[in-house]
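Protein chains in written order, with my numbering: chain S, 140 to 474; chain U, 140 to 474.
In case anyone wonders, no lab produced these hints; they're calculated from the structure.
Glycine included, each C-beta is placed from N, C-alpha and C at the ideal position.
The reader is advised that the hints may include incorrect statements.
[Claimed, not checked] Here are the simulated BS3-like pairs of lysine-lysine, each with C-alpha atoms no more than 25 angstroms apart in a straight line: (1) U:Lys358 <-> S:Lys142; (2) S:Lys158 <-> U:Lys158; (3) U:Lys358 <-> S:Lys158; (4) S:Lys213 <-> U:Lys158; (5) S:Lys143 <-> U:Lys358; (6) S:Lys358 <-> U:Lys142; (7) U:Lys143 <-> S:Lys143; (8) S:Lys438 <-> S:Lys158; (9) S:Lys143 <-> U:Lys377; (10) S:Lys142 <-> U:Lys143.
[Claimed, not checked] Here are the in silico distance ranges between beta carbons for each label pair: (11) U:Asp366 <-> S:Leu293: 34 to 40 angstroms; (12) S:Glu316 <-> U:Asn474: 49 to 55 angstroms; (13) S:Glu153 <-> U:Val295: 17 to 23 angstroms; (14) U:Arg285 <-> S:Asp366: 45 to 51 angstroms; (15) U:Met393 <-> S:His141: 41 to 47 angstroms; (16) S:Glu407 <-> U:Pro453: 33 to 39 angstroms; (17) S:Gly391 <-> U:Asp366: 56 to 62 angstroms; (18) U:Gly459 <-> S:Asp216: 32 to 38 angstroms.
Listed below, chain by chain, are the residues.
Number of protein chains: 2
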Amino acid sequence: MHKKQVGAQTLLFENVYIKAGYSLCGLKEDDGSLKGQFDFVMQDDKFGEDTFEKGERKMFEIAIEGVLKKAQFKHADLQTVIGGDLLNQNVSFNFALRNTMQSVLGLYSACATFAESLLLGSVLLSGGFRNNCLCVAGSHFSTAERQYRYPLELGVLRSPVSQWTTTGVGSTVLSSETQNISIIAATIGKVIDYGIIDANNMGGAMAPSAVDTLLQHFKDTGTRPTDYDLIATGDLGKLGKNIVMELMAQSGYMLGGNYVDCGDMLFEYEQEVFQGGSGAGCSAIVFNSSILNGLYNGKYKKVLLAGTGALLSPLTTFQGESIPSITHCVAISTN
Amino acid sequence: MHKKQVGAQTLLFENVYIKAGYSLCGLKEDDGSLKGQFDFVMQDDKFGEDTFEKGERKMFEIAIEGVLKKAQFKHADLQTVIGGDLLNQNVSFNFALRNTMQSVLGLYSACATFAESLLLGSVLLSGGFRNNCLCVAGSHFSTAERQYRYPLELGVLRSPVSQWTTTGVGSTVLSSETQNISIIAATIGKVIDYGIIDANNMGGAMAPSAVDTLLQHFKDTGTRPTDYDLIATGDLGKLGKNIVMELMAQSGYMLGGNYVDCGDMLFEYEQEVFQGGSGAGCSAIVFNSSILNGLYNGKYKKVLLAGTGALLSPLTTFQGESIPSITHCVAISTN
Chain S
140 MHKKQVGAQT LLFENVYIKA GYSLCGLKED DGSLKGQFDF VMQDDKFGED TFEKGERKMF
200 EIAIEGVLKK AQFKHADLQT VIGGDLLNQN VSFNFALRNT MQSVLGLYSA CATFAESLLL
260 GSVLLSGGFR NNCLCVAGSH FSTAERQYRY PLELGVLRSP VSQWTTTGVG STVLSSETQN
320 ISIIAATIGK VIDYGIIDAN NMGGAMAPSA VDTLLQHFKD TGTRPTDYDL IATGDLGKLG
380 KNIVMELMAQ SGYMLGGNYV DCGDMLFEYE QEVFQGGSGA GCSAIVFNSS ILNGLYNGKY
440 KKVLLAGTGA LLSPLTTFQG ESIPSITHCV AISTN
Chain U
140 MHKKQVGAQT LLFENVYIKA GYSLCGLKED DGSLKGQFDF VMQDDKFGED TFEKGERKMF
200 EIAIEGVLKK AQFKHADLQT VIGGDLLNQN VSFNFALRNT MQSVLGLYSA CATFAESLLL
260 GSVLLSGGFR NNCLCVAGSH FSTAERQYRY PLELGVLRSP VSQWTTTGVG STVLSSETQN
320 ISIIAATIGK VIDYGIIDAN NMGGAMAPSA VDTLLQHFKD TGTRPTDYDL IATGDLGKLG
380 KNIVMELMAQ SGYMLGGNYV DCGDMLFEYE QEVFQGGSGA GCSAIVFNSS ILNGLYNGKY
440 KKVLLAGTGA LLSPLTTFQG ESIPSITHCV AISTN
């Protein structure tokens, strides 16, 4: 039997393959650096529904149908759906799955939810408990903005350290049947809080957590940053990315040109999103478009995806609390 | 290698043992049918903090420390914490784990979260990915009431079909080292919605989901209700429990005197909680007191715990949506 754990926080997998990935986003996301790489671009932020929330739910429905189609799966072939979203009580995810007859595991680790879903999906498959599963996470700018910050109608000026919640849903079908791309390991993160209290500065709040999990992953697995063709943090944005590079260098792990941040990658400077993208959909759509394409076409052989989540709520912000964060990372390799 | 899955939705485990359970609750919970069975009873609903939310967080901290002590674990012995709560963005759970240096997996399936944590904890252990983990879930009447319904200060009359959110946190340490009690199987639930729109009537909304998962579990495992000494649904309350009994009987599975509901069990008629207890803490504290005691003292040999969760949010209620629900069940056996 192969080894299933290494170091303090890292799990090792075998026979976990990526069967298909699917990304759905809004017009603004498709107008950035990754233009043309997404499977589906919504022409209208409400997706033809009467509220943004119902639009977000429909995004989940389409992303689930879309990845099943790409995986050539019928609904009856799929064993379990695992994932979540940012809305209170995970309603976009759960409502999209109403009466679909799928068994469902709901997760919440903010913008690290997609990485958590790949991690736990890999545990289910590698352990032999499921033969396949669908991992999915997403977010919507307009629903998140009014839930976490201000109603859009108020027209509040955005802070220069702020990020732009991604409107997008990314979905991945994992299978125990051999494919070209495997999930080989994952590191479960800790809840880290360095005392940042500015709810606009998510990148700064999440950076120490990303560093903690990346260092742990390298230590547990005995790898170095140069062992990966791509290291992608979830959605720290430009500011958070720079903090990560500095803190990693201080710990003796220099991150070079193979280090990107999904939030920083997604948008371009001219789009006025300040530090870049954020939201549970950010790493989910970047992974299921650009990163997966790079794995398929041979640009990358080994990728480390580190989903980063800020675990705040408006209530904790009102009560003057700082922002704890968590980062789960997943190592992906071509065979 | 033993079989890891059976039927459509059921996982089979080996080498997953319950090392210790711990229950913490409020005065009202300790004044009901299970008086004297809890490990810790708070004398003050704010637990000495300045808000109910901070009190709820402290409940999680104490329940985590308490179960580690009972399991004779040091913090460094524990590999992973898995669970969640009902507050927006799982903040009681996540904030309680800030800077504890534990690796953490956050879940959300409303009041089914405790059962989901036992399910995924068992997957981690049975698959060999962890040697131990701590499963925890909880809720607080005063934080849930103001989040989901009305501020307490408004003094709104309660509906006769309503339930009372449990103030309590239950925690369980699972270990792969042999103990007397094992988790042997679990069934992952579907998101079921029969169209109930009254956010006060959770029992009615959740009952069809409980029936769906129980029937699936019996079908997948080839067992009958009489094979269990105790079948406990999470928190359907009296009304929901009666609906479950009727629907199960219609499907040819008569539930007898071995069927209880944790919400119905927890409180007594004189406590004016109408249909009984609810909340993620309900099944968590009933399991970690009365049910676990019954397993330890030989009253029960085989128990089926079916955590039931109503997947609504105030926003979906305002938008006129019905209430989807999910039930995950876990089979526990003495050796």
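How the hints compare with the structure:
1. U:Lys358 <-> S:Lys142: violated, 34 angstroms
2. S:Lys158 <-> U:Lys158: Status violated; Cα separation ~38 angstroms.
3. U:Lys358 <-> S:Lys158: violated, 30 angstroms
4. S:Lys213 <-> U:Lys158: With Cα atoms ~41 angstroms apart, Lys213 of chain S and Lys158 of chain U exceed 25 angstroms; violated.
5. S:Lys143 <-> U:Lys358: violated, 31 angstroms
6. S:Lys358 <-> U:Lys142: Judged against 25 angstroms, a Cα distance of about 34 angstroms means the pair is violated.
7. U:Lys143 <-> S:Lys143: holds, 16 angstroms
8. S:Lys438 <-> S:Lys158: holds, 18 angstroms
9. S:Lys143 <-> U:Lys377: violated, 44 angstroms
10. S:Lys142 <-> U:Lys143: holds, 18 angstroms
11. U:Asp366 <-> S:Leu293: 34 to 40 angstroms: violated, 59 angstroms
12. S:Glu316 <-> U:Asn474: 49 to 55 angstroms: Distance hint for Glu316 of chain S, Asn474 of chain U is violated at roughly 36 angstroms.
13. S:Glu153 <-> U:Val295: 17 to 23 angstroms: At roughly 55 angstroms between Cβ atoms, Val295 of chain U and Glu153 of chain S fall outside 17 to 23 angstroms, so the hint is violated.
14. U:Arg285 <-> S:Asp366: 45 to 51 angstroms: holds, 50 angstroms
15. U:Met393 <-> S:His141: 41 to 47 angstroms: holds, 46 angstroms
16. S:Glu407 <-> U:Pro453: 33 to 39 angstroms: At 37 angstroms between Cβs, range holds.
17. S:Gly391 <-> U:Asp366: 56 to 62 angstroms: Distance hint for Gly391 of chain S, Asp366 of chain U holds at roughly 58 angstroms.
18. U:Gly459 <-> S:Asp216: 32 to 38 angstroms: holds, 34 angstroms
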